[in-house]
Amino acid sequence: MSVFMITNDLPSLSDFLAEPIARRALLACLMIGFANGFVSAFVVLRKSALKIGTLSHALLPGIALAVLLVGLTQWSALAGAVFAALLVGLGSIFLSRTSRLDQDTSMGILYTTAFAGGYLILTQLNVRQKLDEWLFGSIVGMADSDLWIAFAISAVAVLGLTALQRPLLIYLFEPNIAASLGVPVRFLNYATFAITILVLISSLQAVGCILSVGLMVAPAATVYLLTNNARALFWGGGIIGGLGSVAAFFLSYPLGWSVSSTIILVLGGLFLLAYIFSPRYGLVSRLF
Amino acid sequence: MPTSNPKEHVCWGAGCRHDHQHQLEVKQLSVSYREVLALDGISFHASCGRSIALIGPNGAGKSTLLKALAGLLPLKSGSLRWRGSALSKSSHEIAYLPQRGEVDWQFPITVRGLVEMGRYPNLGWWRSYSRHDAEIVERALAAMELTDLQDRQISALSGGQQQRAFIARALAQEAHVLLLDEPFTGLDKPAQENLSRLFKELTAEGRLLIASHHDLQTVKGFYDDVLLIRKNQVAFGPVEQAFTPAMIELAYGGTDHAKPLTP
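Residue numbers (the working numbering), protein chains in the order written: chain A, 1 to 288; chain B, 1001 to 1263.
Next comes chain B alone, as it looks inside the complex (with noise of 0.2 Å):
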């Protein structure tokens, strides 16, 4: 089981500093559309200030997953608990960033304003804002390198920008889990390295990523674990150890990738 390094564990404004007890724990978790399963026996632990790629053909439930995991979908059957507790009683703690091609980016809407919404949990319907919540936000604003942006509507933005700024917006919510649907996908080379960057950041910080992700050749360089799914659980662990030619023949095995590229 990986753990993170205490003395990098710094959980930055989660408010809690023991990072053994940051563990999400999935176990035999099962979704299904109306009649059709979508996902079934899942089971993995994942501790903070790790990065974990989810990795499968199309179809496989990749970004179902992802929503099971942030709440947006019933179980079928299996538990899922973050921090020992169910996770509908932490929701602030986790963040949900969808695929860039899912937003609406005509939304009238600036970057400020995209990443205050990450201020909803603690702020409610009715209270205002108050001088720290405008800090968060303005600290969340320059860690992701936005500040000069922040006026700008959000289709005014490069690709790799506006990923930033859904960071951007999960930072200000505090969120101690990032679960991305495709944050690499359609970014050009350096936009890329530069997110795998900051992803490398986030972690040290001491906070899980899960992302879906479909290169399988920048898979090694981009995460640390790798989860392989193909409706049921492929593999899970180190992407060394798990992330194998045989494994991900495994998984794409007599899919359209017949020959998927290996790392």
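Here chain A stands alone, though its shape is the one from the complex (with noise of 0.2 Å):
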């Protein structure tokens, strides 16, 4: 992964594919871009973004939490994540039940305060450079099994919200007339909570937690503004999410950037691109 912190006499692009690590990063940007587009699909009709960066900042105080007690590996840092969204997540719900505070004010409170926790105790042990992995991404930096998870948890996440479409769309329209038709409003609110914290896990290893927020939005942003047809949002997200992480790769490496920080911006890119120039949404064909 030193590849990146040398600017001057790099090596070429071929030279540099043929590198495991490289051909492993590029795999990563794939799968991992094309869940997290995927799933940006329910972000978006579910109006979630926000949450969904409070989750990620959540994310971070418990993989400290995980490092402290049995040390770093992926599944203590998975483990810990798990256990840090569901104590912010199910703790906003309680304060907010317990007292006259609302569940977003209850949430800021809470996933700031275990954001600041949990950076203390990363500073405080020697693992500084782990870090800023987490805060940014480490995708060129994964090792075989970091892979076999992202793969898993971007199946896990593309087969469940494909099975699940139907309910889930007919749930996101309108939460009452789904309960009405008899969807299953319970298991769905569990069942995605699930999958979006494990792709959030994978997008904290691709881009970081403060990152994680556009690669799990922009995706399925961008096709909201093309298409009338929700089913086509999570294909459409997934295939943005794949091609613009595996292009901001390539755009990367020459120009010395962070993997992370480009994937983004490529991503944000493509969202101003549609935002422009829709043919049905876009504001050239509102204003002409």
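Any given hint could turn out to be false.
Claimed, not checked - What the simulated footprint calls covered on chain A by chain B, stretch by stretch (three residues with Cβ under 8 Å from a Cβ of chain B suffice, anywhere in the stretch; the number is not a length):
id, region
1, 158 to 168
2, 171 to 177
3, 194 to 202
Worth flagging that the hints you see were computed from the coordinates, not collected in a lab.
We treat Cβ as the ideally placed atom computed from N, Cα and C, and that holds for glycine.
Hints given; two lone chains; assemble the complex.
In structure tokens form, the structure reads like this:
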């Protein structure tokens, strides 16, 4: 991964791609980008972009705690992340029910407190470099085992959301209609929460907790401006997320940019293009 | 007790013929949000083929009652039976139509996509649409005069068309009881007249319509029966008998509508 620190005398792209580490990163970009783009359809339709931002920050202290207790492995990080997400998610529900505060306020307090605590724990531990990776992503430094976890997460997310798609779309459109039609609303809530957490962990690895919202929102938001078909948001989001991340990988190398930032920049750029030029809902077609 | 004429009783699509069995029985129903009692002591009998206006001041519990009837809220006490059995066993026969203001009209869905949602109880998660399902959807679109608009995104409809699209979804569900929250709100005069005409067609075909309504002037022309509530039940019966100035005063007296417009 130190390849990226060298700014002069860069090996050619084909030499770089011959390295296993580069091929792993490329594969990770495709898989994680696709899974996050796929799930971004749910995030956009649920209008929960800000909640995702909250959750992504809440995961950091969970991971920090896990590192503190059992040392850093993929599984301890995963368990810590799930624990933190549940604690902040359920904690905010509990706080709002037992006080006069609403859930957003409770969440705002809980996640920033948790994030601050987690940051302090990580700075006290001697894991400076790992800390940067969780904050800003480490897609270039992935091991084979990381790749397998990313693959498993992506498969669960895509298959899960595909299987749930019909009841889920009714629920996202109008929860009351869904409930009156016999859609298992509570189950959907839990299932989609689990999928969101899983995918968030993979996006944390790829772009870090500060940029993960972009990866989990921008792809489907772009498709949202192009289509009236909710199902197209899922596959379209996946394709934009996957191909956008791969394009960012190739773009970042010769420029010496960080891959994670480039991914978010590319996705943001694609969104801007759709915003301006979408044939149906774009700025140009609305003004002229 | 009002009953519908058996000859007019078509019960389109629901697969049942006997109107005497098609009764919605509500007994001593009460609903509370956390500790606050929102509805108490609601009891009425309704049979299909009728339209019922649900009337009461703001905060009287109209939306709450509709949601409770749709099975969306837990009952604190009382019972709800449709065709002699608990409501939960026949949820696909009951359609709930939310207020237009509660719907996300920007949602990426076409009119046809919305109507197709009504097939969910028959299809479940995975079964694919059959020709039979497509026919029912097309019949529902045609009945609500939406065939030409079926590929439009739902925000590109007028208020009356939006309301009809939701009714078409209920028809595709083959619902027998339609629960509508303020269906006439925000519609202009011609759209209201049109919707009222469609209501009469729907009830003539044997459906039971229960709709919350706030325009006291139009109750008489639009509905058969009226249910006046103000947390408790004030009156229930045919419009001519139950919708009297005295009853309206009882329901609205001392509220913001201190002097309600009498019909």
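Count the residues of the region 194 to 202 of chain A with a beta-carbon closer than 8 Å to any beta-carbon of chain B: does the count reach three? With 0 residues in contact (Cβ-Cβ under 8 Å with chain B), the coverage given for the region 194 to 202 of chain A is violated.
Three residues or more, CB to CB closer than 8 Å: is that satisfied between the region 171 to 177 of chain A and chain B? holds (count 5)
Are there at least three residues in the region 158 to 168 of chain A whose beta carbon sits under 8 Å from a beta carbon of chain B? Since 4 is at least three, the answer is holds.
Comparing the model with each earlier hint shows a violation of hint 3 alone; every other hint is respected.
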